[in-house]
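Undergrad: Here is how the chains run, residue by residue.
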Amino acid sequence: MRRNKGWKLAAGVVALSLAAAACGGDDGGSDSSSTEAPATECAETTPVKLQLQWFTQAQFAGYFAAIDQGYYAAQCLDVTIVEGGVDIVPQQQLADGAVDFALSWVPKALASREAGADIVNIAQVFQRSGTLQVSFKDSGITSPADFAGKKIGNWGYGNEFEIFAALTKAGLDPAADVELVQQQFDMAALLAGDIDAAEAMTYNEYAQVLEAVNPETGELYTADDFNVVSYEEEGVGMLQDAIWASGERLADEAYRATAVKFVAASIQGWAYCRDNAQACADIVVSKGSKLGASHQLWQMNEVNKLIWPAAGGAGMIDSAAWERTATLAQETKNLEGSTVLTAAPDAEAYTNDIVTEALALLDELGVDTKGEGFAPIEVTLNVGGA
Amino acid sequence: MSSTITRPQRTSFLTPRRLRRVALFFASLVLVAVAWELYKVVGPEAGGKIFGWKLLPRANDNAMPHIWEMLERYGRPEVRGSDRKIWSVVLAGAWFSFRLALVGFFVGTALGLGLSILMARFKVAERGILPYLVLSQTVPLIALAPLVVSWGGKLSIGDWTWPRWLSASVLGAFLAFFPVAVGALKGLTSPPSASIELMDSYAASWWQTLRKLRFPAAVPFLVPALKLAASASVIGVVVAEISTGLKGGIGRLIIEYAREATSDPAKVFTAVFGAALLGLAMSGFVTLADLYMMRNRPKEANA
Chain Y
165 MRRNKGWKLA
175 AGVVALSLAA
185 AACGGDDGGS
195 DSSSTEAPAT
205 ECAETTPVKL
215 QLQWFTQAQF
225 AGYFAAIDQG
235 YYAAQCLDVT
245 IVEGGVDIVP
255 QQQLADGAVD
265 FALSWVPKAL
275 ASREAGADIV
285 NIAQVFQRSG
295 TLQVSFKDSG
305 ITSPADFAGK
315 KIGNWGYGNE
325 FEIFAALTKA
335 GLDPAADVEL
345 VQQQFDMAAL
355 LAGDIDAAEA
365 MTYNEYAQVL
375 EAVNPETGEL
385 YTADDFNVVS
395 YEEEGVGMLQ
405 DAIWASGERL
415 ADEAYRATAV
425 KFVAASIQGW
435 AYCRDNAQAC
445 ADIVVSKGSK
455 LGASHQLWQM
465 NEVNKLIWPA
475 AGGAGMIDSA
485 AWERTATLAQ
495 ETKNLEGSTV
505 LTAAPDAEAY
515 TNDIVTEALA
525 LLDELGVDTK
535 GEGFAPIEVT
545 LNVGGA
Chain X
1039 MSSTITRPQR
1049 TSFLTPRRLR
1059 RVALFFASLV
1069 LVAVAWELYK
1079 VVGPEAGGKI
1089 FGWKLLPRAN
1099 DNAMPHIWEM
1109 LERYGRPEVR
1119 GSDRKIWSVV
1129 LAGAWFSFRL
1139 ALVGFFVGTA
1149 LGLGLSILMA
1159 RFKVAERGIL
1169 PYLVLSQTVP
1179 LIALAPLVVS
1189 WGGKLSIGDW
1199 TWPRWLSASV
1209 LGAFLAFFPV
1219 AVGALKGLTS
1229 PPSASIELMD
1239 SYAASWWQTL
1249 RKLRFPAAVP
1259 FLVPALKLAA
1269 SASVIGVVVA
1279 EISTGLKGGI
1289 GRLIIEYARE
1299 ATSDPAKVFT
1309 AVFGAALLGL
1319 AMSGFVTLAD
1329 LYMMRNRPKE
1339 ANA
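If you read the protein sequences in the order shown, they are chains Y and X.
The first sequence begins at 165 in this note's numbering and counts up by one.
The second sequence begins at 1039 in this note's numbering and counts up by one.
Since the hints were derived computationally from the structure, they do not count as laboratory data.
Don't be surprised by glycine CBs; every beta carbon is placed ideally from N, CA and C.
Wrong hints could be hidden among the right ones.
[Claimed, not checked] No farther apart than 27 Å at their CA atoms in a straight line, the calculated lysine-lysine pairs in the DSS-like style are these:
(1) Y:K469 / Y:K451
(2) X:K1265 / X:K1224
(3) X:K1092 / Y:K315
(4) X:K1250 / Y:K213
(5) Y:K314 / X:K1265
[Stated by the list, open to error] Listed next, the stretches of chain X that the computed footprint assigns to chain Y, with coverage defined by at least 3 CB atoms under 8 Å from CB atoms of chain Y:
(6) 1179–1185
(7) 1295–1302
Given only the sequences and the hints, what does the whole structure look like? Please build it.
TA: Dropping the structure here:
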């Protein structure tokens, strides 16, 4: 009898804790669109899931702004933003059908497409590459030619091809002329002197060094302490954040119409962030980003620079930049001798049809989609990005 | 099982032995802290080499912040301008992950027990299943995590959709079920044939033998298995959180704080200690279960 009672007790504990976990577990995960939007005459709203490449941060501010400002709701979309993680491959989640749209860098997404994922670039949000190679002034590295004989940090995982392209262009042999070092996604190795030049995104890692205290002066490092090589300026920039859709589902009229509305409202969100950088940084913080306030604003400002001005209209895929990216992806060999792509991407890998319709939609609404008058703001970083 | 075993005396919870254990635990914490600070004093600032191998870790404040800096960091806000102190954020994260690990632990234990009963009942099941169980544990968790998230993202039954946190619990269960299945199988098959034959002579059914003989005999094997399962479920959940970027837990905090390692190194350690606390809480939970399950056994067996 005693034993019987014991089992019952154990079963009770199990049930209780399961219930507790089930009730409380819902506060994590994703962010559904709040209904702050003015009530529009939507017959029905379409649920849409967008997969980010990483956690909530200003790199994705436009989408959060579009939720916050009700732009998606005005298009009768109920957008849920799904955060990324270390091992989440956005274009894979898209190809698997777990989400409706995904953000991805172009070379990586094209590699997935070559491997069989039916995904299509429907809007090139970032018009420029934001990858830098950052080094201390005294290393004297001002161009890729100066990489010779130096320890060059790179992230690997397909983020290293701009470095290899720059080396090849400068006439250096990546295998023999430089020492390539796998780098963490932070700048500790550069500050500790383990590497001579570190790979950095303008909107993130570069800010990290400017938020660190220089032990010699007791003050923050300044831009004057560093040399910066921009791969975009070196002519080897590859296209980065773009909105990808399912190629198979684009044949479906309803999904295609959703894609047009989604791209339009997203660009409207980015236009809002262009004109209201501080407000957008605040929106991202309110959505649960753990990055400090000044780091967030810095990121917002740098991301704006990658998007605006957009000569052909935001989201338009510039065929020259596309060709350059595709060519570099085919020709640049990494240390293992492999390239991102083995053949040229097919013509269906991107389409400007959807973004063209989206921009027309925004013109009707009177949204400036070119941002010719865009001027970046000045951001002062604080210790630790606080 | 046997009438010659004397029941242990019911004593108060705070025996001198237990008090001493608690004291030793805290003493060991202090020792670790002292060793840490000592190394900071004598260790090389920029790291050192032994026989040409870079073995000695850097002792500078960036790589090894002072203990008091870490403790002091708990009292300051997570980000400037926020009124949430970091200790409450870390505690909330650990509690979130604890609940996920608990779900993983119970699901894994139930699954492990079910499999072990199946394997104990049918020899052919043991031959068929056991190799695959071993094989399952060689699948890297980080390869599995995105798959589970992706499957979950498509799954919905009626109004119920797969919550994202469940993926982390499933991965915790995936690690937790294995030691339980193997340990319980060993325990369920441990009674000597004389005991089994005795049950047979009573014309006891297989289920009766299971309940009256095999289960009680399996308990000493289950206790270490459950301890392994508890820590495995924590590892599974934390790794899954890191891997899939699940918001709210301690794994996510670790990776988010790690990105600020360049300028705020003490912050990373606050989250790491949170993960350690999570592990302690889970093993404490299992120890309680252990005390309960072993309450009628002689103390010698309680290793």
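Undergrad: Hint by hint, note whether the structure agrees.
TA: Quick rundown of the hints versus the structure:
1. Y:K469 / Y:K451: 23 Å, holds
2. X:K1265 / X:K1224: 16 Å, holds
3. X:K1092 / Y:K315: Holds. K1092 (chain X) to K315 (chain Y) sits at ~17 Å (cutoff 27 Å).
4. X:K1250 / Y:K213: 53 Å, violated
5. Y:K314 / X:K1265: 50 Å, violated
6. 1179–1185: That given contact holds, which follows from 4 residues of the stretch 1179–1185 of chain X lying within Cβ reach (below 8 Å) of chain Y.
7. 1295–1302: With 8 residues close enough to chain Y, the hint holds.
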